[in-house]
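**Q** Single-letter residue listing:
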Amino acid sequence: ETGVTQTPRHLVMGMTNKKSLKCEQHLGHNAMYWYKQSAKKPLELMFVYNFKEQTENNSVPSRFSPECPNSSHLFLHLHTLQPEDSALYLCASSPPRGGGEQFFGPGTRLTVL
Amino acid sequence: GQNIDQPTEMTATEGAIVQINCTYQTSGFNGLFWYQQHAGEAPTFLSYNVLDGLEEKGRFSSFLSRSKGYSYLLLKELQMKDSASYLCAVRDGDKIIFGKGTRLHILP
Numbered sequence: 001e002t003g004v005t006q007t008p009r010h011l012v013m014g015m016t017n018k019k020s021l022k023c024e025q026h027l028g029h030n031a032m033y034w035y036k037q038s039a040k041k042p043l044e045l046m047f048v049y050n051f052k053e054q055t056e057n058n059s060v061p062s063r064f065s066p067e068c069p070n071s072s073h074l075f076l077h078l079h080t081l082q083p084e085d086s087a088l089y090l091c092a093s094s095p096p097r098g099g100g101e102q103f104f105g106p107g108t109r110l111t112v113l
Numbered sequence: 001g002q003n004i005d006q007p008t009e010m011t012a013t014e015g016a017i018v019q020i021n022c023t024y025q026t027s028g029f030n031g032l033f034w035y036q037q038h039a040g041e042a043p044t045f046l047s048y049n050v051l052d053g054l055e056e057k058g059r060f061s062s063f064l065s066r067s068k069g070y071s072y073l074l075l076k077e078l079q080m081k082d083s084a085s086y087l088c089a090v091r092d093g094d095k096i097i098f099g100k101g102t103r104l105h106i107l108p
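One line per chain: the protein sequences are A and B, in this order. At position 20 of the first sequence (counting the first as 1) the number is 20 in this note's numbering, and the numbers step up by one without a gap. At position 108 of the second sequence (counting the first as 1) the number is 108 in this note's numbering, and the numbers step up by one without a gap.
Restraint-style ranges between C-beta atoms, simulated for each label pair:
(1) B:Ser-27 x A:Thr-16: 35 to 41 Å
(2) B:Lys-76 x A:Gly-14: 47 to 53 Å
(3) B:Asp-92 x A:Gly-3: 21 to 27 Å
(4) A:Ser-38 x B:Asp-52: 30 to 36 Å
(5) A:Met-15 x B:Lys-57: 42 to 48 Å
(6) B:Glu-9 x A:Thr-16: 35 to 41 Å
Simulated crosslink set (DSS-like; lysine-lysine; CA at most 27 Å straight-line):
(7) B:Lys-95 x A:Lys-36
(8) B:Lys-95 x A:Lys-52
(9) B:Lys-100 x B:Lys-68
Okay, the calculated bits of chain A under chain B, using three or more residues with CB under 8 Å as the criterion:
(10) 31-43
(11) 47-57
(12) 101-112
Calculated from the structure, these hints are not laboratory results. We put the beta carbon where it would ideally sit given N, CA and C, even for glycine.
So here's chain B without its partners, still in its complex pose:
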């Protein structure tokens, strides 16, 4: 079956670093996405990994290991505006399968 797991909630402190993990089991794999979604808003794209390794983009980095079915999103120098849900999603052909999202709380 198709399954994507990520923690339901995490809490971190402003200025710190947080790592959000995602594991997946899908019948096919054409890439993994991370999206950010603020409450009441649409998801916005953060990163895309199709090959193993780390992709860095400013304060955000995303890592993929296809052999382990594992990815993480690393957020550095956390800011209050980073309080949001972070969605892990896998593309399998024309299908995009989303995880339930990780609700990240940032404490001052």
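Chain A extracted, bound-state conformation:
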């Protein structure tokens, strides 16, 4: 048990669907992250939230919309995705700034048809 949970674990959606990924951490951390992991590519940072404020948007297309209602919850809202968006989406949390390792959730395996 890493203390970071993600739901759903697997998701298949069409290009016209709207869905949301959920992440929850029970570690008392204040920073949360969304990453995308595709085959043969490095882990790509998408968004960073510190104390519920978005501090990093790594040039992510607007069809991905993050939401962080509090320091323990993070959402990724998906709409009109493309097949190339199929990947493993990982959530992580860490103590804010100044180093500190990240704890990753198990990920959501997303397939866009």
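Assemble chain B onto chain A, guided by the hints.
**A** Relative to the frame of chain A, chain B by itself:
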């Protein structure tokens, strides 16, 4: 630009020692991480270096030279369960930049 390089694949024998190198060029530096990732699983933290030198933690050690933009992860007494990908990552402010990972194969 931001760049992190590490070998794509390495092979070693059970019981041996292996060193996985990582070089980086980033605009800022607030620390370097090593993560282990088994196939189909999330990355798990192995080590963190922010000052030059060697950090030892059981069978795993990590070294950093900030002036050279270089780090290595040393794995001793290799076990079959060490077969995994090893990810080098650099923190630059709020950004974490990951390398592509090194896939380590352990032979019996």
